[in-house]
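A.B. asks: Chains as they are written, first to last, in the numbering used here: chain A, 318 to 834; chain B, 25 to 147.
Treat the hints as calculated values from the structure; they're not laboratory data.
Each residue gets a CB set at the ideal place from its N, CA and C atoms; glycine is no exception.
Where hints are given, some of them may not hold.
Derived lysine-lysine pairs resembling DSS-like cross-links, with alpha carbons at most 30 Å apart [to be verified]: (1) A:K429 to B:K80; (2) A:K429 to A:K341; (3) A:K622 to B:K132.
Just the calculated beta-carbon pair ranges, DEER-fashion [to be verified]: (4) A:N528 to B:I60: 30 to 36 Å; (5) A:D819 to B:P103: 35 to 41 Å; (6) A:P708 to B:G50: 49 to 55 Å; (7) A:R397 to B:I60: 56 to 62 Å.
Reference listing, derived: stretches of chain B covered by chain A, where coverage requires no fewer than 3 residues with Cβ under 8 Å from a Cβ of chain A [what the hints assert, rightly or not]: (8) 102-108; (9) 121-130.
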Amino acid sequence: MIEHLPALMIAVPLFGAFIAPLFKKKQNIAAIWAILITAVTVGLSLLLMYQVRLNGVIVYVFGANKPTLVLPSGYKVPIRIMFEIDGIGAFMAISATLMSFIGALYSYSHVKAESGLEKYYALLLLLEVGILGMVLTGDLFNLFVFLEIAGIAGSALVGFRNYRGEASEAGIKYLIVSAVASLMVLFAIGILYGEYGNLNLAYISKQVSFNTLDMIAFGLLFTSFAMKCGSVPMHYWVPDAYTEVPAGINPVLLVSTYASLYALFRVSFTLFANISLSLTRIGWIMSVLGVLTMFIGVTMALVQKDVKRLMSYHAISQTGYMLLGVGVGLTVLSDPKALAEFGRTAMAGGIFHIINHIIYKSLLLMTAGALFYVTGTRNLNEMGGLARKMPITTLCFIVGAAAISGIPPFNGFASKFLIYESSYRLNPLLAVFAMVTSILTLASFVKVFASAFLGPPLEKFENAKEVPKPMIVAMVILALLCILFGLFPDIVLDKLVYPAVDALIKVAQYQTWGGLA
Amino acid sequence: MNGEVFVNFPFIIVALLLAIGFYTIGFKRNLIKVVIGIEILEGAVNLFLVALGYVKGGYAPIYTLAPQEAANPQNMVLPTPQALTLTSIVIGVAVSALMLAFAVNIYKHYGTLDVTKIRRLRG
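Same shape as in the complex, but just chain A (with noise of 0.2 Å):
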């Protein structure tokens, strides 16, 4: 039972979605399946983690019991299928089941008024299959099926209030950008295949060279998964797509842009391993198009007035940070030293800034939608007073912004102070911008705070009540997250973090799984 833990790790919701759609005629059963579904995926997930850490890498070979079986003729390649977890992927696969457990928990209560929810949960769990497939799976092949499920449910979601004109143009949209990044990935996919006769990550990463078809193939992968997790030239479906996204999905959607984000750094750590160690200009790539994502995106956020738009953009402005932490970390990569002193500190504040942001950033979003929920508007200069009609929603808004902005002792502040003093290093421009990020960051959400919650109730919202439980619950759950990541981050950056960090770093243990030649 055990050993099979990674196909159930996608068996479970893909069993889920195709179920969901049966209940039809009552719709409060396929949300409780999609809350139930999702919470044994948490704890499969955990399992998942647990034995990573206990046994190393695992490689999950798909109808064969070892990966070491060759093809008849006697040519010595993998030729199955197969997952290969290590610390970064089951990183990934917590955060992935985590959020869309409180996703499915928040859109018990948030989109009971629509029609069609059958449809919106099969989808949910369809996205949650997708990102749990791009993080855990060995097999460039698979990672392309995997993005496109991803890419296709999340558009689906992206549109689901279909009588409104704005959720199809985002829609289509952010089904364009992913179309047209994963056709370029398959594209990739196809010249590392034609070159090298397989399409196993381990095999192929150990096989890459310094040629012009490799630096092509990973200029086409870098530029299209950069594409997909939102980074600066490519940034535009962003705020649009988490805008008009129902808010129950907004976790699940962020996880499944920094699904893209893993991939770009597997592929820079592992696949093309040969070529960043000896290129640092790969990671000074990474790390200036992070400042620039996290500058240009917080100036956009500062003059929006739709509360949810705004939170969008912010989430553009954080995904560098993360960029710029292992940016950091990939240009010192091939320097022992400097990465023991700082590189590994920088990649660590990375990878710990991404499950930082999915928490604080699905809360942030979730009291938007809380607000939308009780108003009926996105508009700022439309609320007003409402902190004393729904008290929880503006404590857990206030845990998001101050996470957000990293005061202390919220969990932003432990990840960003990893950054800062790690980037100092290499270059202290670099720490500049993100502290100036920081502040420009924590200005727009007073001005959130002021104008939603604060100043004179109005008569409009006389009658406005605290939104109902699940979502209070979803809501408070992160928040409570957000302040234990922030008051223990010792112990999420050893069990979770470091794991994640070192399983980047050692390729040559992602490479020696079946003894192949």
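Given chain A's structure and the hints, the job is docking chain B onto it.
C.D. replies: Frame of chain A, contents of chain B only:
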């Protein structure tokens, strides 16, 4: 020289199709044409995969009724690229169906398919 051109012919077509696809996505204003552009791009990538899988003198890996010289597994080609292409075609159908559904819905709400006019989300 001539032989080389013929061997590389599919790849030249792939490059052409890629260029046409990107041009259509980037410069056409009608949403349906943008969808067609993505389809062309997909066709290019599929053609690329199939062309990669071609081995001169190779046999399809089907043992039933295979000719004598193909019975030796050395003479059979790996069916992976064809399998990849089939998967990619199926995914492509789902993507284009969803895109067209969005286009229909956008036309209902905006009354136009001109991408420069479908811009309610901005800022």
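A.B. asks: Would you mind marking each hint as holding or not holding in the structure?
C.D. replies: These are the hints, each one checked on the structure:
For the hint linking A:K429 to B:K80, the alpha-carbon distance of about 60 Å lies beyond 30 Å, and the restraint is violated. The straight-line distance between the Cα atoms of A:K429 and A:K341 is roughly 14 Å, inside the 30 Å bound, and the hint therefore holds. Distance restraint check for A:K622 and B:K132: the Cα-Cα separation of roughly 27 Å lies within the 30 Å cut-off, and the hinted pair is therefore satisfied. Range check, A:N528 to B:I60: about 35 Å between beta-carbon atoms, so the 30 to 36 Å window is met.
Between A:D819 and B:P103 the beta carbons are some 38 Å apart, a value that agrees with the proposed interval 35 to 41 Å. A beta carbon spacing of about 50 Å between A:P708 and B:G50 agrees with the range 49 to 55 Å that was offered as a hint. Under the hint 56 to 62 Å, the C-beta atoms of A:R397 and B:I60, about 37 Å apart, miss the expected range. Given as covered by chain A, the stretch 102-108 of chain B passes the check, having 4 residues with a CB less than 8 Å from a CB of that chain where 3 are the minimum.
Given a C-beta distance limit of less than 8 Å, the hint that chain A covers the stretch 121-130 of chain B holds, as 6 residues qualify and 3 suffice.
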